[in-house]
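Trainee: These protein sequence lines are chains H and P, in that order.
The opening residue of the first sequence carries number 1 in this note's numbering; numbering runs sequentially from there.
The opening residue of the second sequence carries number 1001 in this note's numbering; numbering runs sequentially from there.
To be clear, the hints were calculated from the coordinates, so they are not data collected in a lab.
Note that the structure is a prediction, hence the values are computed from the model and not measured.
Among the hints, a few may not be true.
[Claimed, not checked] Only some residues are given here: those of chain P computed to face chain H with a beta carbon under 8 Å:
| id | residue |
| --- | --- |
| 1 | 1234 |
| 2 | 1236 |
| 3 | 1371 |
| 4 | 1374 |
| 5 | 1375 |
| 6 | 1483 |
| 7 | 1486 |
| 8 | 1487 |
In this text, a Cβ means the ideal position worked out from N, Cα and C, and glycines have one as well.
Here are the chains, one letter per residue:
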Amino acid sequence: MDRRGFLAASGLMLVGCSRLARHGTPIELYAPGLAAGHALRGHPALPVPSATLQVDTVIVGSGVAGLSAGWQLARAGFKDFLVLSGPELYGNAAAGEASGLVYPRGAHYLPLPSSESGHIRELLYDAGLLDGMRYDEAALIHAPQERLWIGGRWQEGLMPEHGVAPHERAEQARFLAHMHQLANTRGNDGRRVFALPIAAASSDPAWRALDRINFAQWLDREGYHAPSLRWYLDYCCQDDYGIALADTSAWAGLHYFASRNGQASNADEHAVLTWPDGLNPLARHMAQRVGADRLRAGHALRIDTGAHGAVVLAQLGKRTVEIRARRVICAMPLHVAAHVVTDLAALGYDATLHRQHHAPWLVANVLLDRFPTEAAGAPLSWDNVVYRGRSLGYVVSSHQLIRAARPERTVFTAYQTLPGMAAAASRQHMLAQDAETLFADIAADLDTVYDWRWARHASHVELTLRGHAMTSPTPGFLDNAGLAALRQLDGPLLFAHSDLSGFSVFEEAAWWGVQAAHKILG
Amino acid sequence: MDRILIVSVFVVASCGLAYELICGALASYLLGDSVLQFSSIIGAYLFAMGIGSHLSKYVRDEDVLPRFIDIELLVGLIGGLSATLLFLVYGWLAAPFRTVLYALVVVVGILVGMEIPLVMRVMNARKAEFNELVSRVLTFDYMGALAVSLLFPLVLAPKLGLARTGLLFGLMNAAVAVWTAWSFRAELPRLKASVRRAVVVLVLLVAGMGLSDKLNTWAEQGIFGDEIIHAQTTPYQRLVVTRWHDDTRLYINGNLQFSSRDEHRYHEALIHPAMQTLPWARHVLVLGGGDGLAVRELLKYRHLQSITLVDLDPAMTRLFSTAEALTALNQGSLKDKRVQVINDDAGRWIETAGRSFDAIFIDLPDPSNFGLGKLYSEPFYRRIAHQLAEHGLVVVQSTSPYFAPKSYWCIDATLREAGLTTWPYHAYVPSFGEWGFIIAGKAARFMPPTRYDVPMRFLDGPATALMFQFPPDMQRVVVEPNRLNTQSLVHYFEQDWGNVIR
Ligand SMILES: Cc1cc2nc3c(=O)[nH]c(=O)nc-3n(C[C@H](O)[C@H](O)[C@H](O)COP(=O)(O)OP(=O)(O)OC[C@H]3O[C@@H](n4cnc5c(N)ncnc54)[C@H](O)[C@@H]3O)c2cc1C
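Isolated chain P (complex conformation) (with noise of 0.2 Å):
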């Protein structure tokens, strides 16, 4: 009789730090900051576990054995499914993980706090010795925390998988709860109910187990629709690369960045209409572009002796330098002789950049927030036509005319508010839509180049008149300059989208 309790004591112990190894493992996973996510999530499991101690003492004595083998199967179904379960919420429910996070650890941990009061009940209603039971559940109590701790990071995480890991165990809690039954048969008043609950949560579990593939790539469909193939938290930003098929793609923060299939329409039509109009341009400089993809498409040209690169994040720049997936994409362009990468921020940098460059490429995400914003405004501008060749050039990637015409005009008006000249034009990138730039120069003359002397994927002469050419439904629209005191362009960004996306 004892033997089976200490056997379960054993499987319990396990099945318990399992299930907080596998929500810690997970919200690290998703939210980043593991640290942080360990320890409030080992904090409030044993929180939870206390609680649970101190419920047990509410069970009746006569009804330790019944409430034993149903906190079993509770443990089982929550605990086992809980994984799984984080996973679709993460995918398809955008706010509430968190809560459900902590709901589903506090109520497991409380469930498991119960058992082993009510173990050491069920044997000491059984006569055993006191001093010798407490050693005894203690030690098989200590001996299956220290396989899980071992076996899940080293084995069973990698192989099965936080899901099914997490079912395994479930499994294993519903296996004890049926053993326990059986063998105290006997002594059970309603063995048929306890039957009946058990195979029911058999069912789920297994059921759960075949799922789980199916479940787990809907989930993360849910996120990306594809396969993640990395997937990073940075102090800056959170960085998700995909694969679907032969197509690559890059997300900031959950916004696409770029696509593989287009990427070159996007990143010749950034470069090359100014590049080919500099043909004396020794040194360029690109803000952001931290993909590298924008100076491949530099390194084309022979006669460029330095591309300086600054982007703020680290984690990216040391992503695309190295990943061989895009590093194939971007053709090891950070790598390259002539490239100097700096990770600081641009609106710093260019305070403190000493020198001029003959050509520079501003490449910024988006200005949705007030810290972007201040990178598309006059007083940047200034500094970035400070450190421009006098015959030198500008381009801007600036949203898209057609989707966000207000941003677009008003990175425009900014421009020339700094006392530029300004020449926009936009391409198709099918996987963004119509997109915009913007050619600005300290000197009044530029002309849209009617050919190219670098090989060219997207662009030749006739497409690229077309670029400078803005049909009807894409004119200019009258709007403030951004100026950091209104920060207008941060309103017009959040407008222009909210009626695209409703």
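With the rest of the complex left out, here is chain H (with noise of 0.2 Å):
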């Protein structure tokens, strides 16, 4: 199926297209699954299926959870199943593109896997991207990776120097030692504190008693006061929980710090993995393993379960089909599965008592026809940061490309979450807005860097809304346990998806979809 076709099916919703009033710049606006999604809710009077299909197993969702199910029946030798799309292919790795150059519309990186990682070491492996502690080299971040911007000039690497002072570099210099201790303390059964994915972190209720607390109170506790330091954490913890340094448990703003321990024989240890249009390549990968004929574009109206399988109506384009089957992989966010998934709270969830945060997700691609002019300091990087700015900064998608020159045109991802309201507030804020209000905002740390003249080489805006982009690991979340439910599941219904961690990140989503395919794997 082309890719229209496939977004047509899927109903991925264009919500609206407008213009720049400064340049005449077509902004596009999409909400990925808003349509479907809002449409579940409120038990709606569902279709008459027209046709019976019979599969071994249904994958619902085609995030990176779904994907990485998929990816591992295909692996074993597994035939007999087929994958859901959902309304959007790929959920948040999904890509877009624009006059011949692609971009992310949400996941762009993927940190080196950390010694827990083996599933991810395995596809990495499997797509041609490791061998041994050998990397891709093209897939590694280049340098350089980040800068900031701060007292009106670019320095090297996000933690904020220039112009700081030496008790607060010092306090810095601290946090960064302590979290490298962190990243190498176990618990009383032996397993790293900090493990990633979080199944294989330690139990040790002496370090889980960390989750009981906000990460701003573990600061003040350890003396971190440094206004430099809270503001990098804070960063930080938007930018991989979509919420504040006080409301991320303590445990979770640790977690990402002292996690992430992978090596490569050709890279830093905090490299990354990257490509133009962000994790994209890895969730096509699972997909292209998962094979054309065993991905079908539509969503899930209901689910049902019984003694000897389970029941999916779907919505495919036009038709509504019945799909019957020994067992059924639920890889689609929870808050969603709640609408579909008849008697959720039989299974152990309940969909009010167990409910978790999600925060809203921003992302503006901008597509310029040249590279704004840059001002002193260090060179224009991968990831690009105002201190204090309104945006969480914005990625250059021509970055990974082995150019001598740069290339005539790019584009710009800038990400931004709302972390100071209320999730529903911030979703209902950015709902309300009209496009160009929302850019404006979203622009606003561009304008900052930039000469005006930057948003005149702007042919091409596109603001992809993610309402409920991902949950967010506030305090408590280890002790959900409705989540503890799902993830033991071994019946007909089975769960896959980011959510089941708590917070989102690529790790997390495959490590659940890879469990999945093993029990039915057996």
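Join the two chains into one complex using the hints; note that each chain is given alone, in its own frame.
Mentor: This is the structure:
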């Protein structure tokens, strides 16, 4: 199926199209899954199926979790399965394309896999990206990796240094050394305290108690007060979890810094893997292993389970089909599953009691006909962030190209969360704004670092609005009993989604997909 | 009385426009991007004139005439010397060119902006009919502008050059001052002082005129040392070709690329040690080398059927295919039937190059930035290896093993990291110093040639043997290969040259 057909069938929603008043640049606003998701709310009358399909296993959802499950099944030679894409093929790992340039619509990088992430190494090996300890160098982040706009100029790296007092710098160093030490700390069961995936982490209650306080409280307790460090940590919480420092579980905040212990023979330990279109190539690789004939565009309207299997009522384009399967892997977000899976509560997950915090995200992809003129200091890097800025900075999609000169055109991808507001309020806020207002806010940082002419070179803007983009690890997330119940399931219905971890990163999503596949393979 | 003022208006308007044009032309000549330079200079100038008109109202009625004379002298001095001054600044002081340029534009603009309002007030005070006055002043103002806008590009700039054109208009401003002072001598309270000032200005301007040739040469020498026969700013780089006697030189972004006196050493060393051992080669690739000099050497091999040259900058290959002084150097190599010139980024082109080559010569600029550093990386060399025939050879220009040892051996380590066997060598090129190359191949065999079948100026068997030996002060240093993740080469390169140039 071609891409256009897929979009039409899967109902990726184009909410609006307008133009920037300033320069007439067209702005497209996408809200993936919005229409399909909202249509499922409040027990709508369901259409009658016109056909029935029989298959051993259906994977519902084609995000990283769903595709990892399919990839594992296919690798094991298991053939009798289907993947139902859902409203957005690749989910948060989707990518876009404009005038021959590709860019991420969500996830953009993968750190070197941690010591526990055998499943990620296996995937990278399978995709020809890893050989022993050596990663494909074209995919390893190229220097210069990051820079920060601070005090009117660019400095290298994101930890504030320029104009920062020595005692703050000393505190930053102390913090990083502390994290380094935590990365090697093991609990009373011998496992790493902050392992990735967290399924492999120590269950030592002394350490898990950190989940009861927030990260800001932990920093206070440990005497980390330097404003520059606190800004940096707040930035990291938003960038990874979509929430502010003070809303993040201390355990999760530390996990971000202490879990990544990956090594490469041909890169720094802080290196990441990335492509012009973010992590989409990894998702595409898994989809290709699944095979086009097993990947169906469409979404689930209802999932019923019985003693001998499950039935998925699916909307495939205009057709409504009943898919009877021995087992179903539910790889869609739990807030959607709550409307689709009948009697989720009976499985141990109560949608009101166990509901998680969902952070909304806005991603702006700006197609530029020319690189803007750079100010003094560190040169244009892959990730470019403004100290105390409005957004989380912007990534340059052409950064990973091997070129002597800059290409003529590029795409800047800017990210933004609204951590100050309650999730529902910020979702409402984002949906209420028109595209131009949303863009003005997310692009404010570009106005700061470039002269006013930069926007004239923007020939196209695409805004991807993800209302329920990801679950955020607020204090107490480790002890969510509903999630624990879903992780345990081994009946006709299995769950696989980053939501099961309580926070959203590639390694976690893939982990649950691989686990579900192993349960099916027995 | 009125006539003199009207003539003044005409001259003053001509001079005003002339300074604007001179600054615009100079800025686009030295900085490139002429549309931008001209518009921003005209904008700044007109704006400054607005400020000048505004300021003119603070001149008291009784001072109008002496102030007008002072302003004429000042405009004449500053405006007249502006072009010369800017040349000198550009040649000898690196940073503040733009600042000086705009400061001059604004100062001259303010002064010029005061002229016409003051003239009007002088005439008004002499009871001229106001309607009549405005229309006459403006008519001559615009006529002066027309005269200069035609004279400047057609006669003055080409015949006199920018510096002397500026001085000429400066003299005209000063002349207006003197003439006005003389005509109104009865009304001027301190005539002597005015005359003294006028004399000083006239002397300075005349002296400037006399010395302008000297000053100009001195300024350009500050830039390149030699006569410039071509200068061009392309979207990628600034190209300057200079000549001094029989020495033609190419500079890219101010860095010497070759000197015609000894480039044969560089290009023979780049091409022949590899080519002499590949008598079976049919198709070769050159990356960079848009000057066509490497291709000239390759064309000596009759058995080559095709030479593909990939260079980023179309302006560069066009220049070296058409300019007579340059095609004389490369013997018209870029126009040869066997040569195909492609203008593309070598990094991009190699990704889609569907064919293989028997020899590949990588003659790219030094790895002085992250972009160029990517074309000295392991993935790039793997791509190169992919396009290389099984027994073919790659030759890489690899900076200086003497001045930049870390960079040189880093390139060697990177080639080996990409799975290639390497044979490093070096040659002495007087205008560069000791320069380095690396031959690399997939199969582990290469023997430096002991003789050459094609005519040679520099190389023979014994000279070649020496090239492959590294004396004690140029021994291999142990360095990291250039990884895209760290781009160590770019850092080494900075360190190496930082040590040389203090
Ligand atoms: C803006 C942004 C940036 C991010 N950046 C990174 C990053 O750089 N690195 C990183 O590791 N992680 C990042 N993440 C986290 C990212 O969410 C995870 O990496 C991963 O993509 C999550 O995959 P998933 O399968 O768990 O969920 P999702 O991607 O949410 O997949 C859910 C799937 O369910 C489908 N679905 C929904 N409703 C239905 C239905 N009714 N029927 C059938 N299917 C349905 C959807 O179509 C989708 O395919 C980012 C997230 C966002 C939002």
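Trainee: Now, for every hint given, state plainly whether the structure supports it.
Mentor: Now the hints, each set against the structure:
no.	hint	result
1	1234	violated, 11 Å
2	1236	holds, 6 Å
3	1371	holds, 5 Å
4	1374	holds, 5 Å
5	1375	holds, 5 Å
6	1483	holds, 5 Å
7	1486	holds, 5 Å
8	1487	holds, 4 Å
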